[in-house]
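Number of protein chains: 2
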Amino acid sequence: MDMLGMFCTRACSGLMGCRAATRVRLLHSLPGITVEQIDEEVAKLLQLKAKIGGDDGKHQFVLKTAKGTRDFNPKQMAIREKVFNTIINCFKRHGAETIDTPVFELKETLMGKYGEDSKLIYDLKDQGGELLSLRYDLTVPFARYLAMNKITNIKRYHIAKVYRRDNPAMTRGRYREFYQCDFDIAGQYDAMIPDAECLKIVHEILSQLDLGDFLIKVNDRRILDGMFAVCGVPDDKFRTICSTVDKLDKMAWEDVKKEMVNEKGLSEEAADQIGDYVSMQGGKDLAERLLQDQKMSQNKLACAGLSDIKLLFSYLQLFQVTDKVVFDLSLARGLDYYTGIIYEAVLTQAGVAAVTTEAQSGASGEECVSVGSVAGGGRYDGLVGMFDPKGRKVPCVGVSIGIERIFSIMEQKAEASAERIRTTEIQVLVASAQKNLLEERLKLVTELWNAGVKAEVMHKKNPKLLSQLQHCEESGIPLVAILGEQELKDGVVKLRVVATREEMDISRADLISEIRRRTSEV
Amino acid sequence: MDMLGMFCTRACSGLMGCRAATRVRLLHSLPGITVEQIDEEVAKLLQLKAKIGGDDGKHQFVLKTAKGTRDFNPKQMAIREKVFNTIINCFKRHGAETIDTPVFELKETLMGKYGEDSKLIYDLKDQGGELLSLRYDLTVPFARYLAMNKITNIKRYHIAKVYRRDNPAMTRGRYREFYQCDFDIAGQYDAMIPDAECLKIVHEILSQLDLGDFLIKVNDRRILDGMFAVCGVPDDKFRTICSTVDKLDKMAWEDVKKEMVNEKGLSEEAADQIGDYVSMQGGKDLAERLLQDQKMSQNKLACAGLSDIKLLFSYLQLFQVTDKVVFDLSLARGLDYYTGIIYEAVLTQAGVAAVTTEAQSGASGEECVSVGSVAGGGRYDGLVGMFDPKGRKVPCVGVSIGIERIFSIMEQKAEASAERIRTTEIQVLVASAQKNLLEERLKLVTELWNAGVKAEVMHKKNPKLLSQLQHCEESGIPLVAILGEQELKDGVVKLRVVATREEMDISRADLISEIRRRTSEV
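Chains as they are written, first to last, in numbering that gives the first Met the number 0: chain A, 0 to 521; chain B, 0 to 521.
Hints should not be assumed to be uniformly reliable.
To be verified - 25 Å max Cα-Cα, derived DSS-like pairs, lysine-lysine:
| hint | chain 1 | residue 1 | chain 2 | residue 2 |
| --- | --- | --- | --- | --- |
| 1 | B | Lys-442 | A | Lys-66 |
| 2 | A | Lys-309 | B | Lys-442 |
| 3 | B | Lys-160 | A | Lys-124 |
| 4 | B | Lys-460 | A | Lys-81 |
| 5 | A | Lys-283 | B | Lys-389 |
No wet-lab data here; the hints were simulated from the structure.
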């Protein structure tokens, strides 16, 4: 990709046309190039072409947002605000403070934290200062913040956009710029109490968002590592085998096994043993059973993880959330920095699955096993220490709610229902029935604004009454305050209720309280 | 800078050490290099050095945020939230919808919109896809959004971070990543009505934020251009002379004149004539006077601008904001895209000026004339047309509130006052007076959470009562629900009011309503 990139930079800075053509031919002979890379290259050349213009030499803009990103229109923003409020209220109910960090970090801060996924990090161009990258998640900046400020204790939430140069699949809610809503507890506490609170939070948020049924899968990195050890996976293959296990939510076991054996060189025997374990699901009972398992019980790491799972479930019971939590040995999660408990929440309801399947229909006709995760997290006790000059550790556990999929579902629900989403909160439109009343309208709307009433006036000198009333219908404004010569003479305003078309004369002195009374009812 | 940039990329990818040293020597012989560039280069080399490590070869992190950026800690976030709420409430009171756009745009979208300032745009590295840049303001993405979605009518606000590779002066609230709070009205309306509403909004926000006295300067691009024409400025020098005029808030007239004459090659006579005009300040009366001015009255553009200023002031009078608005012919504003009215709000109160002077003390001991703008905007009728394939224009006017300076002032005010800022909203801590009551605490806090009460529990098995009470003092939690063997037996909870140390037994059944009653009082 670097060569392609270099080519285009050069092309853009002057050497175009014939070179571009040469390059396209060159592409065919490049080994190891992927279809996506070719697509991107083509898009880039077309963009260049549009920029250069056709034969007329006229400059033309490509009118679009960057690949994998999108705008939010006012209706989408109204839904987004609703989702955020539910999430923030939950975080606040649990006593979280909030922080914010810059959208980019020193490149170095992000290096070595994401394993294979590091290639998806967006770098900024070197324009003669520091080397910078867009944040890939909110966890690494949080750890950097803790180390930098020597904070050893905090419960914080952070809602912000993160950036991944991944292959976007926007119909499935996969973007290159997307929001994460993170809640983390940092500090030295007694085992599994903060971890259980994170799961309680996921349970509360997914219940309150009313997205249908969901399931929270739980596992522990130590159990995975212990399992790999007792199944005979060589130490240096733990991470790569782990990423293959992570694909079990998208691939059948047969294919996962093939990847382990054929691509990663694992023995078939070891793979089969892993296969037995990763098919196991249960609760506290499963943890107890595995603690008695002939092989697992021999591994210290695995036992520590299993005991913690047991303890976790006892707290989850007190938090009344065990109905949705399952201990699932196939859960792996990709990120490098997890050290203990890990979890992931998936929506399981048919209605949602159907939507996803439809979006996926471009691919094969595979059955829709999993809907994709809407939340995930885990314990990362080593990450802060990676930033501390003396390596001082701060144990952390957290959860990240991925809301793009939640937005999609809420949007579809909103479209399906007849319910109208208002995108403004205007209580009253100040209108006039006759011409030449602009001054009077501006005076009245000023009175209302100064009293804190949400009010609007049309920006025309002489708008028609009909178009003013239409504006109210369209934007869902409940009241119209109509001025006319007679009303001005009588010191009143004609207040019209848009929904019922009821009209009444209100004295100027009573107008504000009348508007407040009527809109607090609504 | 490109050479420096290229060098460092190369160095980072492997060729270090001796080359770096060579390069440092090389720097001395480079012509036209600025002190800032050298500083940045040095910082980069030191960063490299730290990365390579000392003689021990140990990798060391540079623990910092990127230059010109900062984190927000929970206290700062609490202040930020307060400022945002005031601003958003005002925008909503005026009927604005909200949108969001991606943090980066196609590089091409931003090109040719910012004049000389384009060099401050952050570009993303070409990693084999589209060429992207971080947004420089919210206005250009807004115009792109309107053109892309063929929207001809909208009143919208957008609060988001923008990016400028400017020289940061963080003590003065100048950052490379900073928030803008934009309110814009797009659509074909009668002259000056939307423009006046924008000024009304600035007036409302600055009054409500209670930042001391302020002044909103108003001018019009057409008046400036007309003035340049009648003063004998050649057409092709309008823009560059305009940027020099823009410096009048930071430089004395003498120096501005020098720049015009010596650097920009304007005749002294023309400069003096400009000098006469740009010293003029007034209101509607000044616009009327200039409409009679021998020279100005000959210029059509100037007359159109002056008539609009007159009209604007008549609306501002109805909006009751003329006390803070002044027509100031020295106001220029840098951005290329303005076509009509322009404005800028400055804080004028001594208390604020003092703070700024102190921060500036590193520079010369100049008197503090202006505190710097906290809001600015204007009319840009041509920008949307630049994006529309058919060049269809959508007239727009808007204002941008720059809140970094406002944050700084609010922070200083908060520090000066004894008032304690709470960073969480927890109403009650569930505590225990004896050991082995973790289960009971978790059960009770679950009851409270499920009822929507903001509650916390310490994440320890057996926390001391004293440390639990201390936590309440520190975080400003008003109530403690204390469990003990006796209370459990009696089916009650001991509710303690932290401020008064008053304690009372409340039956479990009444606890939630009692907490609600007591915290709604607070």
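Verification of the hints:
1. Lys-442/B / Lys-66/A: violated (48 Å)
2. Lys-309/A / Lys-442/B: holds (18 Å)
3. Lys-160/B / Lys-124/A: Since the Cα atoms of Lys-160/B and Lys-124/A sit roughly 19 Å apart, the hinted pair holds (cutoff 25 Å).
4. Lys-460/B / Lys-81/A: Since the Cα atoms of Lys-460/B and Lys-81/A sit roughly 36 Å apart, the hinted pair is violated (cutoff 25 Å).
5. Lys-283/A / Lys-389/B: Not satisfied, since the Cα-Cα distance of roughly 66 Å exceeds 25 Å.
In summary, the numbered hints that this structure violates are 1, 4 and 5.
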